[in-house]
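Since the structure of chain E is already known, use the hints to place chain H on it.
Here the protein sequences line up with chains E and H, keeping their order. Going by our numbering, the first sequence opens with residue 1, and the numbers climb by one from there. Going by our numbering, the second sequence opens with residue 210, and the numbers climb by one from there.
Think of the hints as simulated: they come from the structure by calculation, not from any bench. Some clues are possibly wrong.
[What the hints assert, rightly or not] Here are the simulated PhoX-like cross-link-like pairs (lysine-lysine), alpha carbons at most 20 angstroms apart as the crow flies:
| no. | chain 1 | residue 1 | chain 2 | residue 2 |
| --- | --- | --- | --- | --- |
| 1 | H | K291 | E | K26 |
| 2 | H | K291 | H | K378 |
| 3 | H | K235 | E | K92 |
| 4 | H | K267 | H | K301 |
[As the list claims (entries may be wrong)] Now the stretches of chain H that chain E is said to cover, found in silico as 3 or more residues with beta-carbon under 8 angstroms:
| no. | stretch |
| --- | --- |
| 5 | 276-287 |
| 6 | 355-367 |
| 7 | 378-390 |
| 8 | 393-402 |
[To be verified] Ranges of calculated distance between the beta carbons of each label pair, as one might list FRET restraints:
| no. | chain 1 | residue 1 | chain 2 | residue 2 | range |
| --- | --- | --- | --- | --- | --- |
| 9 | E | R128 | H | Q251 | 29 to 39 angstroms |
| 10 | H | L408 | E | E40 | 27 to 37 angstroms |
| 11 | H | Q251 | E | R99 | 21 to 31 angstroms |
| 12 | E | D81 | H | Y394 | 55 to 65 angstroms |
| 13 | E | P178 | H | N332 | 50 to 60 angstroms |
| 14 | E | E40 | H | R407 | 44 to 54 angstroms |
Glycine is no exception: its CB is placed at the ideal position from the N, C-alpha and C atoms.
Here's the letter readout for the chains.
There are 2 protein chains.
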Amino acid sequence: MSLMMYDGAIQNVIDAFTQLPGIGPKGAQRIAFYLLTADETQVATLASSITNLKEKVKFCNICGNVTETNPCLICRDPRRDKSTICVVEEPKDIMSIERTGLYGGEYHVLGGAINPMSDIGPNDLRIRELLNRLHGDTVQEIILALDPNIEGEATTTYLVRLLSPLGIKITRLASGLPVGSDLEYADEITLGRALTGRLNANPYANAEE
Amino acid sequence: MSLMMYDGAIQNVIDAFTQLPGIGPKGAQRIAFYLLTADETQVATLASSITNLKEKVKFCNICGNVTETNPCLICRDPRRDKSTICVVEEPKDIMSIERTGLYGGEYHVLGGAINPMSDIGPNDLRIRELLNRLHGDTVQEIILALDPNIEGEATTTYLVRLLSPLGIKITRLASGLPVGSDLEYADEITLGRALTGRLNANPYANAEE
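With the rest of the complex left out, here is chain E:
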């Protein structure tokens, strides 16, 4: 008998983990054997964290961020600047921007980007919800912080056209060289963006264009 698979329970764990992003069959096998000898509490915590996830986590009615309260912690926080909305593709992008510690405004999650190949058009994104937040004159600036790829660019272009008539200031994240990188290894598009978007190196002359 050539035994190519494990007995039921181990194979079930391997199969379930192999379906997760970034985990292959070898990694899943390693995890299964790790769990087999791991502390009971750790295994129980892992299983219950997964079960609780879908029950507890909702999406914020205002910004679309993941949250356990509605509205989310950011939308409810009176210290956040209500005059600026930063538009991102996914909830995890909010975490990335929060980690910079440089932004104190609100967010709006689109839930993706325009992608004709995957049949995702403007109507599949939370664009109507964004427009609803722009009534009145609370919002002074919209920062488009989409991924710097084809889909993100297409969505940025679409939103700039849609939002420009409203007379609200629309900005986008700067493209350029990543900090700590090497000019030699920069691709020509990134280097081109860094060149056209060059800043005055004299800090005293840099205030307002």
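For chain H alone, coordinates are given in the frame of chain E:
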């Protein structure tokens, strides 16, 4: 407010997955968001596979392999050759050897290798259980299939000394160039082993030394 962590349930999943081998915080975040939008059934299957693992999986009383029945499927299989025992470090090594499709004998899992740095000596391995299987003259050959690293070599040397007096044939896996590799990139120890262990290239002259 600078929000550096997610709300409870998402952060719990990220924390639990970050503790697994081969998964970092970014990979765990990716999995958490994947699970958030994944099919209910898939998420439930993942959680229950983890819960069932420890309950159902035992170790075979004879060979030490992971199993849901005792003895395990291999030890119970009458078609397996009882005269040969292949000694491995971990249950997952059995799967690797089974995948070759070239072995029809039995196995014995040591549960690790001798490693003074981690305070693992011969008494921490299933060596007494191995000796118990060698009573009578059923077993004709013991194949030592330990990892080709320092700990595996130390354990192999120890077992050769221990088992030699029993008069049973003791063999070990061949060291040499991995198939599909390049001579130029082989390390000198592997290449040295391939050289000293060279085989007669004439298949008709290769039968028995």
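Problem - Indices of hints not satisfied (ascending) - result: Hints 1, 6, 7, 8, 10 contradicted; others consistent.
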